[in-house]
Amino acid sequence: MSTVLEVRGLSKRFGGISAVADVSFEVQEGEILGIIGPNGSGKSTLFNCILGQLQASSGSVHVDGRPVTGLRPCDLNRLGVSRTFQLLQVFPQLSVRENLILAGQEHKGTMWSRLIGRRDAGLTDAANRMIEFFRLGHLAEQKAGGLSYGQQKLLDAAMAFMAGPRLVLLDEPAGGVNLTMLGDLRERLRAINAEQKATFVVIEHNMEFVMSLCTRILVLAEGRIIAAGSPSEVRANPQVIEAYLGH
Amino acid sequence: MALLQILISGLATGAIYALVAVGFMLLWQTSQTINFAQGEFVMLPAFFVLAAMKFGGLPFGWALVIGMLASLIVLGVVFKYLLVDPMLKHGVLPLVISTIAFALFLKEGVKEWYAAEAQPFPAVWSNDNIEIGGAVLSVQNLVIIAVAIAAVALLQWFLARTRTGRCMQATAQNPALARILGVRVELMILYTFLINAALVALASFLISPIYLAKFSNGETLGLAAFIAAIVGGFNQVRGAIAGGLVLGVVDNLAAAYISTQYRAAIPLFLLIAVILFRPQGLLGRAEERSV
Amino acid sequence: MKRWQCVALALVVAALIAAPFSLKPHGIYLLSMWAVMSIAAIGLNLTLGYAGQISLAQAAFVGIGAYCTAILTTMHGWPFPATFALGAVLCFVVGWLLGYPALRVQHHYLAFVTLAFTTLVFLVLRNEEWLTKGIYGIVGIPRPTLLGWSTKEPRDFYYLCLIVLGLVSWLIWHLVRSPWGRAFMALRENPVRASSLGVDTRRYTLMAFAIGSALGGVAGSLYAPLVEFIDPTPFTLALSLNLLLMVIVGGSGYFVGPFLGAIVSVLLPEWLRVAEGLYLIIYAVAVMALMAVCPSGLLGLAERLIRPAAKKGAP
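Residue numbers (our numbering), protein chains in the order written: chain A, 1 to 247; chain B, 1001 to 1291; chain C, 2001 to 2315.
Treat each hint with caution, since some may be false.
[Said to hold, decoys possible] Straight-line Cα separation of at most 20 Å, EDC-like style, residue types lysine to aspartate or glutamate; simulated pairs: (1) B:K1089 - C:E2189; (2) C:K2133 - C:D2231; (3) A:K108 - A:D120; (4) A:K197 - A:E29; (5) A:K143 - C:E2189; (6) C:K2002 - A:D120; (7) A:K143 - A:E132; (8) A:K143 - C:E2303; (9) C:K2002 - A:E141.
Hints were generated in silico from the structure; no laboratory data involved. The model shown is predicted, which means the values in this text are computed figures rather than measured ones.
Put together the whole structure using the sequences plus the hints.
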């Protein structure tokens, strides 16, 4: 099994405050790693540094052994890393299918072939398969802005998978989703993880969701990793309990 | 020495650019207002003064006061409430377009309703030269530098040492947080507009005696202000000042030693050079990337 | 395209072809000017409406295209199509070179760079007499004869402008409907999300700007033989602003916006001839009012009236 993501000594300082302090971890292919921690523990900052949204103050990030620290998000995406967003970011006036085509098109051919080639960049079938997989079939033609919150979340996830990524970072995928949808989401994520052998890193607040989805958990507090292990190990770890309750 | 004279006159021009650039930068930082009419803002106050003298029969001193007041009202209050605020909710782009249209309006308005020809503007100082250490310097340039320094020093003191000033800085850095901390953000933004209006009025009174008051002055002055702000470094007042001074000196040096014909191209080259090699400007802090 | 859109297009094209038969030479001239300005506005719409960047240099590119054609046809006997192609390529390359550093940085730096560039181009046109004849200008710019068809007469030259406008429109229509168009919409609506999906926002924006600038050059190449005499005076910031306002008033980001805006801009000075000096003032006030009410321009206003819930987007 290969190491898909390797983070070494990552730190991010804002002025005098260390939002992320010397974080190191590895993610193996096919794993679903959960990152949890109380508010302000630096989870989102960590994500943004890995994804190139923010520039890390120090440390390095490697994907499949390749250094990617500080690459722009679009370059990182083309190396096979994609993400979902905490605050929904679908394109409301495009249809569901169009959103998915957009999500995949930059991986098809070159910029020039996309200019003179087909309108859908040959992605209609792939988009339809994704629609099927996430059970959005009846909504394919609808404008994404008209979908319910939970359905948009599914679309957001689907968009992240369109390009067959190696690594997917999910930012609070369960946020704001009702219980029934949550079960669907978890099940679909597990299915695609098995099918595409995609590796996930998930930030979440919803304990139950994380514990039932992830194979391994990291706990962050005040910018540092304070615990790591399987869901049951972490749940019983006194330091973790302290971090959440003992502020 | 010819060089000293050129330097002094460069600093004088630069001081004026600095005043305008500081105002421009403050507006941008505090309220995301990219004021494309900044050049016309410098052109206008002189005409308020001239109109006060011509139509109101006022002596120069009083006319200056009226000019300053009119600037504060029109370029501060009216600009903010009638143009910027309604536009901001539509986004930055419509606001920029509106300021472009506003610039056109001011420029053509003055041309149409006052005069198309350049108008002489009285100076507060004498037109003499004085000798310092063998070099002949004009009083005019020295006065400009002195006034500009005083104005900027006053502004710096205000921003750093008074409570209101610090609230303004907080608003510029993080309006949402400032609001939560109890800063009256709306009022701070209004102050920024008023400060800008005062700065441009001052610049207008300083520069119009030299270049005459003309409706088309806004173009070159505006461009100089924008570029001074970018070259110096966007996120600090010191940056805008440095940018203005550098631009003024480089501009005068180029005009003297290279070619007057391409003088107006200097800002462009300076801008491209800065953007290529040091995008945060000479004194700016490198900013976080977002995309 | 939907049925009614095809019918409407056919009617408009027919009207445009028939128009010169009922117009005096000055009317035909105005129509030709509208066509030429529309081309420049289409280019600017690509930069502003689709890629969301403000360019104040479109007048400079029109000037470059115009002088390219004028100099090469009058002084070196080049055939028109060659100058036409050269102008477009030149403007594309210059646009790329200008945009590359400016777009690496955040903020609206392109606006300032293009503002300064317009000043520079004007200076070059005015000062380099050996090349451009400076303030004396270039006279007697010939209207081309293409494959035996002479465009010397107003009506014939108008048809040439119309043909070029048609070609440009068709090309840009396909551009906007291709995956590029989707990428443009994405980077305009939500650059963070677009980037996370692999859309190279910088590259696409640069391409939009370069193509938009090239279209400015194309417009310029037609402008020169239309007016038959050029000097540096028209190619200033004022024209850039005029073109910008054309795109805005028509509705930036809408395909039909530039055509509409060009109509307003070319005809307004004619209608307001009475109010001579005031027309710019009225124009400026109208733009400010339009921005306050409906920043998406006239087409945005129309859309709001017809379909209150809809928003603009890719065609």
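Hints breached by this structure: Violated hints: none; all satisfied.
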